[in-house]
Amino acid sequence: MSVGYFVKETSINLWRNRLMSLAAIFTVAISLSLVGSALLIKQGVATATSEWQGNVQLLVFLQPNISKPELKAVEAELHSLSTVKGYSYVPRAQAYSDFRRLLANQPDLVNAVPESAVPTFFRVSLVNPAEAPAVGAIFKGQPGVDTVNDNFSAIHTILTISNVSQTVILGIALVLLVSAAILILNVIRVAIFSRRREVSVMRLVGATNVFIQVPFMLEGLIQGLLGSLIAAGVVVAVKELISYSIQHFSIHLLDGFVLTSHDLFFTLVVIVLIGMLVGTVGSTVAVRRFLSA
Amino acid sequence: MSVGYFVKETSINLWRNRLMSLAAIFTVAISLSLVGSALLIKQGVATATSEWQGNVQLLVFLQPNISKPELKAVEAELHSLSTVKGYSYVPRAQAYSDFRRLLANQPDLVNAVPESAVPTFFRVSLVNPAEAPAVGAIFKGQPGVDTVNDNFSAIHTILTISNVSQTVILGIALVLLVSAAILILNVIRVAIFSRRREVSVMRLVGATNVFIQVPFMLEGLIQGLLGSLIAAGVVVAVKELISYSIQHFSIHLLDGFVLTSHDLFFTLVVIVLIGMLVGTVGSTVAVRRFLSA
Amino acid sequence: MIRFEEVSKSYSRGSSGVSDISFEIGRGEFVFLIGTSGSGKTTLMKLMNREIKPDTGSIWVAGKNLVTMPSWKVPYFRRNIGVIFQDFRLLPNKSVFQNVAFALEVIGKPRKYIHQQVPQILKLVGLDGKSERYPDQLSGGEQQRVAIARAFVNRPLILLADEPTGNLDPDTSWGVMNLLERINRTGTAVVMATHDAGIVDSMRRRVIEIDRGMLHRDQTRGVYGIGV
Amino acid sequence: MIRFEEVSKSYSRGSSGVSDISFEIGRGEFVFLIGTSGSGKTTLMKLMNREIKPDTGSIWVAGKNLVTMPSWKVPYFRRNIGVIFQDFRLLPNKSVFQNVAFALEVIGKPRKYIHQQVPQILKLVGLDGKSERYPDQLSGGEQQRVAIARAFVNRPLILLADEPTGNLDPDTSWGVMNLLERINRTGTAVVMATHDAGIVDSMRRRVIEIDRGMLHRDQTRGVYGIGV
Ligand SMILES: Nc1ncnc2c1ncn2[C@@H]1O[C@H](COP(=O)(O)OP(=O)(O)OP(=O)(O)O)[C@@H](O)[C@H]1O
Ligand SMILES: Nc1ncnc2c1ncn2[C@@H]1O[C@H](COP(=O)(O)OP(=O)(O)OP(=O)(O)O)[C@@H](O)[C@H]1O
Ligand SMILES: [Mg+2]
Ligand SMILES: [Mg+2]
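Residue numbers (the numbering used here), protein chains in the order written: chain A, 22 to 314; chain B, 22 to 314; chain C, 47 to 274; chain D, 47 to 274.
Next up, chain A with everything else stripped away, as it sits in the complex:
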């Protein structure tokens, strides 16, 4: 059993059965491109969500007549809390202009509210947005604090959408993965079925099962590898396309939808490993059927 023999054998077989090889490679490439793109999009959504989450803010409204020490106390409290990532004080002038912007469509309303009636507040960003209610509770009773607006229902909605869509996309990726595996096994099975006579002749001249299997295994491995490398190329292209579209058409909603090269790398590794695994296992299992006789 020399390595040279198996290498030679495998390359001859790949070439002599190139129609079959190409079919297998194509199948791997197409199926894994789909799986990879789905995985990539899932990661994009995850990134976008944590980006959105980063924007979640707690607004601590202060009473108009808050005293300096009370203000200091609130600020000290914000400073000491480890769950608070950062905060900023919004003075009356800015709060008023924010208010005007918010109600720009109803000028009558805006005119009805004097600047003095607009409260000042702290804009607080949290380490983990899910902790917003707890942090809000700390300040709610505090002297000088009017009310705490955790736009929590907004967070909740975004988190729900994100979770649902991540689950759905992951589900799609899994369905695609299973489909890919079945499709690849299918095409390998059919390809090897047409070589069953060859296998039986090998057995008849005294080749052991391992000796027969190894070249088929290597063939499957190489087909899986080549197919998944093509798929990897497609996934990279898809990533570029998405990034380009987001920038070019300035779909601001999707600004958070950044695909990091880490995500990409992870996806590519997953794809290539799956391709090699399915190729190898598929051909090994397919050959074994004709070895049992």
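Each hint should be verified, as a subset may be incorrect.
What the hints assert, rightly or not - Straight line, CA to CA, 16 Å or less: simulated EDC-like cross-link-like pairs of lysine to aspartate or glutamate: (1) D/K140 - A/E30; (2) A/K89 - A/D167; (3) D/K92 - C/D182; (4) D/K99 - D/E52; (5) B/K29 - C/D182; (6) A/K106 - A/E152; (7) D/K110 - D/E97; (8) A/K29 - D/E151; (9) A/K161 - A/E91; (10) C/K140 - B/E219; (11) B/K106 - B/E96; (12) D/K140 - A/E219; (13) C/K92 - D/D182.
Rather than coming from a laboratory, the hints here were simulated on the basis of the structure.
Just so you know, these numbers come straight off a predicted model, no measurement behind them.
Please arrange chains B, C and D with the ligands on chain A, whose structure you already have, making use of the hints.
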């Protein structure tokens, strides 16, 4: 050339080559399930969008000191316009409670605005939300009208999201469709390749090309049909699953995401036609390769 | 019936094949094609059946010029010719009955005719009772006889038999030779490639000998070896 | 070397196969296996090679009990046995050289040894110059000779030859018979199924005749037909 001969021939071949037949059927089923699901989701998004669009409203704010005849004139105008689907007058009391709800988080602001400062308005729904700016322009100068709030940027955002996602999903469906076609052709090619000897023997005993091709064509047709029927079943199941999830988990955001039985029927017809077409054409083309010699 | 005029055919690899062969075989003749292994007998048969085309020269079979024949006409041409291939070429997916019946289905014979003819011919070659078997369930000689039955069944004008007795025992071989003779007497031209000196010597029919692709001998009422 | 004890084997369809066969073949013997087409010669060969298992009875080959042999041992067992199959069973994806070399690669012979042995054996069967061809580029007789070369090349203990001259002309046949005799003289037992009465009659070796699956005659220094 009797019909009986071809029917017998086809059924024998399907059975004697059942591994290949199953592989082809599986491939058709899996690929077309993906295509069908994508099509279905695209239609769901389209339905949801038109549902959302139906909720788009034009708010015609009236001046606090509007006179009765002026009010009548505005109402008459609304009544006469064919682009207006419906409208309702919102009196001060209701407008004020709407306002309170809107600013529930800022009680100071709410307290600062007296009920008398809140304007009354007409809530107008349009036949085609895209016409909102044009309709708005009609009322803007009119006596007694303060301002017109077409929440047009919201419509715009929703339409953009919807269009983008419909395009993306349609793109995915097309990619899946092309992938499906390639995968199916692939598996058929490989399956028929392993029967090339059979084809050459037929030629040698004087069978015409048509005589050889017809059973292969019928085989492909039946494989495509069976595969796409399975895919149709999967698509129906996907539809049920989506409907169930939306109701069960009360994902209100997706309330408009209704899949009509018309959409479903259309999708199923498309799938089955594609399956039959690809199966038939695929096997015909694949056999032809071995007929040229 | 069959006319070869200065026919040459060489395969891409090496110089093998046949070169500069001319002969004519008349209606109802019986001809033995002999020669050492690899001399070109099967190549000649393939040329007569238009399985391959010659490089140069012209071939006429059953009144048709095989060199200029468009490929869509080939199937119709082949229906006049029964061929027993050296490697049998049975359809592995069809039973014995179906394999033989196929030659009749191809030319559009009605079901009833087929169900009457096929069992008859299977009996003639000694395969009655094995008609439901598939080729891989038959012995070598039995497969050969299926091939013979298929070539006979549509009463061809010309019968090309490439070593039809190679896998048969002497008794069965003589049975097949009797059959070939009977077919020949009905006016069918028979061309048979063979290595069986005994058969050639006792039949005393026309012998064409090929030697390394060249026509070496064409003898009426010939024998296998010159020295015999 | 080979011992059959009351061996029976019937195929699922019909009653064919062999029944109640007993015989013993010693080291270095040369045995002809004869019988009409379909009598069971190939079935016996397949039993000796453990391609199939008997229904009842026991078979010993090269000191091994084939009935109880676990299937993972079969490949190692087969390396002691050279087989020439009636239908050649060449690997279509390998050239002539590779087909023959494969039998040596399987038993792990070094490259150098292979490159020295294979051309030698190909020359012996008259295929020098055709080693780069693929099976479908060979005449019937040439394919048969490749099969013969493959069976010889690893100097087996036992050689099973199923009609090894079926597609060969008389001269080449005699060449193959000489080869078989030489191999036999080195101590290899040879079992050869054949329909060639001339060869059997002039070699005068042991003859085992099978008739419809039963042992009909076992004769030292026998002839093909009883009456000859
Ligand atoms: N497809 C091919 N490609 C290359 N060479 C070929 C091909 N077919 C046949 N040959 C060569 O042509 C020569 C003649 O072959 P052919 O099959 O006609 O011989 P034959 O007389 O039928 O021999 P046999 O008695 O062994 O069947 C042989 O040397 C063979 O190797
Ligand atoms: N796989 C099988 N299934 C069913 N019957 C079979 C199978 N293989 C062989 N037979 C039958 O068993 C009988 C013996 O076959 P075998 O191949 O041993 O004959 P043989 O003596 O080698 O004949 P030949 O000289 O024609 O090669 C034949 O009647 C054949 O039809
Ligand atoms: Mg030949
Ligand atoms: Mg046999």
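Hints the structure violates: just list their numbers, smallest first.
Failing hint: just 5.
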